[in-house]
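*Asks:* Can you make the complete structure from the sequences, with help from the hints?
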Amino acid sequence: MKIPEENDDRALIRRCQQGETASFGRLVEKYMKRAYFTALGLVGNQEAALDLSQEAFVRAYRSIGKFAADRNFFTWYYQILRNLCFNYWRDHKRHACPFSEIGDIDLETIVDTGQSSEKLAEQNEMRQAVWQAMNELKPHEREIIILKDFQELSYQQIAETLNCPIGTVMSRLFTARQALKQKLERFFND
Amino acid sequence: MTDRQKNHMSEPSYQWIMPAVDQEFTPEEWNNFIQLVNADAKLRKEWEQFQKLKEVTRTMKFKSPPKEVWDTYWMNTYNKIERRIGWIIFSIGAIILITYGLFKAVESIIADPQLQGIVKIGIFAVLLGLVILVVSVIREKIFIGRSDPYKKIQR
Numbered sequence: 001m002k003i004p005e006e007n008d009d010r011a012l013i014r015r016c017q018q019g020e021t022a023s024f025g026r027l028v029e030k031y032m033k034r035a036y037f038t039a040l041g042l043v044g045n046q047e048a049a050l051d052l053s054q055e056a057f058v059r060a061y062r063s064i065g066k067f068a069a070d071r072n073f074f075t076w077y078y079q080i081l082r083n084l085c086f087n088y089w090r091d092h093k094r095h096a097c098p099f100s101e102i103g104d105i106d107l108e109t110i111v112d113t114g115q116s117s118e119k120l121a122e123q124n125e126m127r128q129a130v131w132q133a134m135n136e137l138k139p140h141e142r143e144i145i146i147l148k149d150f151q152e153l154s155y156q157q158i159a160e161t162l163n164c165p166i167g168t169v170m171s172r173l174f175t176a177r178q179a180l181k182q183k184l185e186r187f188f189n190d
Numbered sequence: 001m002t003d004r005q006k007n008h009m010s011e012p013s014y015q016w017i018m019p020a021v022d023q024e025f026t027p028e029e030w031n032n033f034i035q036l037v038n039a040d041a042k043l044r045k046e047w048e049q050f051q052k053l054k055e056v057t058r059t060m061k062f063k064s065p066p067k068e069v070w071d072t073y074w075m076n077t078y079n080k081i082e083r084r085i086g087w088i089i090f091s092i093g094a095i096i097l098i099t100y101g102l103f104k105a106v107e108s109i110i111a112d113p114q115l116q117g118i119v120k121i122g123i124f125a126v127l128l129g130l131v132i133l134v135v136s137v138i139r140e141k142i143f144i145g146r147s148d149p150y151k152k153i154q155r
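Which chain is which? The protein sequence lines are A and B, in order.
Anchor point for the first sequence: position 6 equals 6 in the working numbering, and the numbering is continuous, going up by one each time.
Anchor point for the second sequence: position 20 equals 20 in the working numbering, and the numbering is continuous, going up by one each time.
Bear in mind the hints are in silico, worked out from the structure with no lab data behind them.
No residue lacks a Cβ here, since even glycine has one placed at the ideal position from N, Cα and C.
Warning: the hint list may mix true and false statements.
What the hints assert, rightly or not - Covered stretches of chain B, as calculated for chain A (at least 3 residues, CB under 8 Å):
1) 43 to 53
2) 57 to 65
3) 75 to 89
What the hints assert, rightly or not - Some chain A residues flagged as far from chain B (calculated, every beta-carbon gap over 12 Å):
4) R15
5) F67
6) N72
7) T75
8) W76
Unchecked claim - Take a look, some chain A residues computed to stay more than 12 Å from chain B by CB distance:
9) R10
10) A11
11) Q17
12) S117
*Replies:* Next comes the structure, spelled out in structure tokens:
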């Protein structure tokens, strides 16, 4: 019988609070990919993303005793991770890698839409420009775009993760995309 | 117009384009949005531009690191947790030993009849200053850091 995800997390956290480190290991293995890719979006560097996502788990483990079992684990963990990433970004903005180094083109989507080679070339150029422009955005603007477009979270999931209403998610997303669009003006002036 | 649209779409709020771009509309909301777009050329242009941006960002994904990274992820995290605990225990031990050593040093300096009074005062002042500095830094880190209402603001 499959245990629902939330209950599963609560059971693991309870066992972890009783001193069972292996239970924390299961939580880490469950969320490590989501944590890593979110951190990568926020700091733009693989090594830093790996290190920061692990460091956030270390801090979460240290504070697990204070964690209220009715909360969502990843939402709580995410607050630790984003603070670490924002601090890192403030100090190491220039260490962000170009998208060609860390990015992977979603071939399935491109095949599905049956685009022409000319359009693909234009999109490739735009992809590089988008990433560069994203690196110039404010951290919270980058964050909302990463959560929506790279992590593919729904508005509801973003609202839960950022602990804000859906209306705020929409307005933040609008502001962030508007800022991004302005930096990419040359692609939109046709 | 649905209640959700009425709540969020105050004039001229273009943020309502977002759920259209992200396909987060109900069919009813979508029909309402299309009517708005048909009546407002500026809104249509904005929508098309955001669509174009979304077409690009939705194909942008990050490369997955090699499998070994995932295989060793928890072990590396566990090592960090273990080392952190090691450092904490080591630091506690070091603080106890250093404090005891300083206490003994001060005790022997005070008891030494050959050492001049001014030297004793100098050593005592250095140690007292050091203690004040350490306590001040620790207090700032622990107490002020926790209650600082501006800690999330970038300085």
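*Asks:* So, for every hint listed, does it hold in this structure?
*Replies:* A quick look at each hint next to the structure:
no.: 1; hint: 43 to 53; in the structure: holds (count 4)
no.: 2; hint: 57 to 65; in the structure: holds (count 9)
no.: 3; hint: 75 to 89; in the structure: holds (count 6)
no.: 4; hint: R15; in the structure: holds (16 Å)
no.: 5; hint: F67; in the structure: holds (15 Å)
no.: 6; hint: N72; in the structure: holds (20 Å)
no.: 7; hint: T75; in the structure: holds (17 Å)
no.: 8; hint: W76; in the structure: holds (16 Å)
no.: 9; hint: R10; in the structure: holds (20 Å)
no.: 10; hint: A11; in the structure: holds (18 Å)
no.: 11; hint: Q17; in the structure: holds (15 Å)
no.: 12; hint: S117; in the structure: holds (15 Å)
Going down the numbered hints, you'll see the structure goes against none, and every one checks out.
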